[in-house]
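Colleague: Construct all of the structure, not just a fragment, from the sequences and the given hints.
Chains as they are written, first to last, in the working numbering: chain A, 1 to 260; chain B, 1001 to 1154; chain C, 2001 to 2106.
Derived from the structure by calculation, the hints contain no laboratory data. Hints may contain errors.
Some but not every residue of chain A turned toward chain B, in silico, with C-beta under 10 Å [to be verified]:
1. Leu41
2. Pro56
3. Ala95
4. Ile96
5. Ser98
6. Glu207
7. Asp220
The calculated label-pair distances, taken between Cβ atoms and stated as ranges, are [said to hold, decoys possible]:
8. A:Thr156 / C:Thr2090: 47 to 57 Å
9. A:Thr84 / B:Gln1052: 54 to 64 Å
10. A:Phe53 / C:Thr2106: 15 to 25 Å
11. B:Thr1123 / A:Asp39: 18 to 28 Å
12. C:Gly2031 / B:Ser1039: 14 to 24 Å
13. C:Gly2055 / A:Ser127: 16 to 26 Å
14. A:Ser77 / C:Arg2037: 31 to 41 Å
15. A:Pro145 / C:Pro2042: 38 to 48 Å
Bear in mind the structure is a predicted one, so any value in this text is a computation, not a measurement. Positions of the beta carbon are idealized from the N, C-alpha and C atoms, including for glycine.
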Amino acid sequence: MIRLSGLGLALVAVAACTPAAPPETHLDAPFERLQSGYDFLTPETQALQDDTFSNPGYLWVDRGAELFNTSDADAPSCASCHTTGLAGVAASYPAIDSDSGQLLNLEGRINTCRERHQHLPALDYESDALRALSAYIANQSHGLPLSVDISGAAATHYANGRDYFFTRRGQLNLSCHQCHDQNAGKRLRGDTISQGHGNGFPAYRLEWQTLGSLQRRIFDCDTGVRAEPLPLGSQTYIDLELYLSARANGLAMESPAIRR
Amino acid sequence: MTSDLSFPERRTLIRLGAASMIVSAIPLTALADPADLTSAQRRLFGDREIKQGRVTLKLPAIAENGYSVPLSVDVDSPMTESDHVRQIAIFSPRNPIAEIVRFELGPRAGRASVSTRIRLGGTQTVQAVAELSDGSLWSGAAKTVVTLAACVVL
Amino acid sequence: MASIRLSVPATAKRGDVIELKALIQHPMESGYRRGSRGEAIPRNIITRFECRYDGETVFAADFHPGIAADPFLTFHTRATRSGPVLFRWTDQHGESWQETAMLTVT
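Modeller: And the structure:
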């Protein structure tokens, strides 16, 4: 008992030293502290993510840099407009496109740019080129806090995404909320359930044996609860992406992260 | 390299549902016959004696996914023209193919120290066998517990 | 087109042992997996890696399906003279990818 109360005091002391996060960042997520998926990895996998040479996600970042700087046929390169790079931009996505009023995630923004400014066809989700470009652009926000805007036209998308997060679905009849809010930090077979943040995506998942988008991760979550997944890039999934990002606002971007 | 993902249709998922919950992410579907390891070693090294020692194999105690496990192997050798490591082979007793990888070295390698990332079809003790320039064979081993992921989508 | 990353020191003293690292984008499809409709996914792997430096193969490897996707290697060589260090990967169909890095030996 004495030991237990000592431990309790120590925990209180640690908690007292941790600066309180601004209230907006947590929204209705029940966490005392936002924890990246990184915190739930083994030290070996963390070391792989931290090694900017051998982290295989950088194969796509490198390729993305090439594509960003290359002109295609008569189309100008991305770099010919974005002359100073795109540092910090990915941290604010999904965001409302002011021209169309649509909510776009990073992949959607890249494809909109291609069609609108480069007159090139949109790239398929999970194509090598779209993963490379999105990883390269996301990596330019590495270490910066997620900071999506949910005001104005984004508010209804946020509400729709939040709704999806809290709705039970699939043969297992589970909502995102039940695993990633109510049971985060607990063990599920060999895994520790994460808080369900997307700050590392596009990420290299060991299970995929490749780099993939947050959309693919959400698709897999739906499949995991034996629900009918939606197509990658569907409006509801992008709305959910906005809810997830807003829920993780303040957490540092890690793309290309390594995830299980 | 293009990605060729075919996402499952709903009906396929429902059929797979129960089965995949149990079978889960064992990345390699078959298990190697233990005799396969012996025959793989015999194919590379004949019937020569394999002594224990001089080879240090490192694997994490727990691998959180069998698809990618960091491995490093070091052989105690001066790596000179007259005394060096010729080759190192890594063997699994549980993968469908016992030989995982074979490294060719020589005096120009300077140091007999190699690392890579491997696949393991389950918890097992992996073996490394080094052949030195005098023809002697040495081995080292390391055990890894391969854990299963919570939610698996094949 | 496979993306390749090499780590080779720019300079080294003659006789020093240097660390070389190489990473290549490749699925290393094992041939043991099935697609979502139960169809077998055929094996597609890199089977051979070679590193040539100063007129000789200084390190090589035979890969089998037990090597993880996007194969990664760390190995060593003794710095002998200035020149290119060539890394070459060859797959089961004979297609190969290569990249070189320049090493200056002082």
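Colleague: Run every hint past the structure and note whether it holds.
Modeller: Verification of the supplied hints:
Annotation: interface hint on Leu41 of chain A holds; nearest CB of chain B at approximately 7 Å, less than 10 Å. The beta carbon of Pro56 of chain A comes within 9 Å of a beta carbon in chain B, closer than 10 Å, and the hint placing it at the interface holds. Residue-level restraint check for Ala95 of chain A is violated (minimum Cβ-Cβ distance to chain B is 26 Å; threshold 10 Å). With its C-beta approaching chain B no nearer than about 28 Å, Ile96 of chain A sits outside the 10 Å limit, and its interface hint is violated.
Annotation: Ser98 of chain A was flagged as interfacial toward chain B, and the flag is violated, the nearest CB pair being 31 Å apart, outside 10 Å. For Glu207 of chain A, the interface hint holds, the least distance from its beta-carbon to any beta-carbon of chain B being 6 Å, beneath 10 Å. For Asp220 of chain A, the shortest C-beta to C-beta distance to chain B is roughly 5 Å, which falls under 10 Å, so the interface hint holds. About 54 Å separates the C-beta atoms of Thr156 of chain A and Thr2090 of chain C, a value consistent with the hinted range of 47 to 57 Å.
For Thr84 of chain A paired with Gln1052 of chain B, a C-beta distance near 60 Å keeps the hint of 54 to 64 Å intact. Hint check: Phe53 of chain A to Thr2106 of chain C, Cβ distance near 24 Å, so the stated range 15 to 25 Å holds. For Thr1123 of chain B and Asp39 of chain A, the hinted distance range of 18 to 28 Å is satisfied, since their beta carbons lie about 25 Å from each other. A hinted range of 14 to 24 Å for the beta carbons of Gly2031 of chain C and Ser1039 of chain B is consistent with their spacing of about 20 Å.
Against the hinted window of 16 to 26 Å, the Cβ-Cβ separation of Gly2055 of chain C and Ser127 of chain A comes to about 41 Å, which falls outside the hint. For Ser77 of chain A paired with Arg2037 of chain C, a C-beta distance near 39 Å keeps the hint of 31 to 41 Å intact. Checked against the hint of 38 to 48 Å, the pair Pro145 of chain A and Pro2042 of chain C passes, with Cβ atoms roughly 45 Å apart.
Violated hints, in rising order: 3, 4, 5, 13; the structure is consistent with all others.
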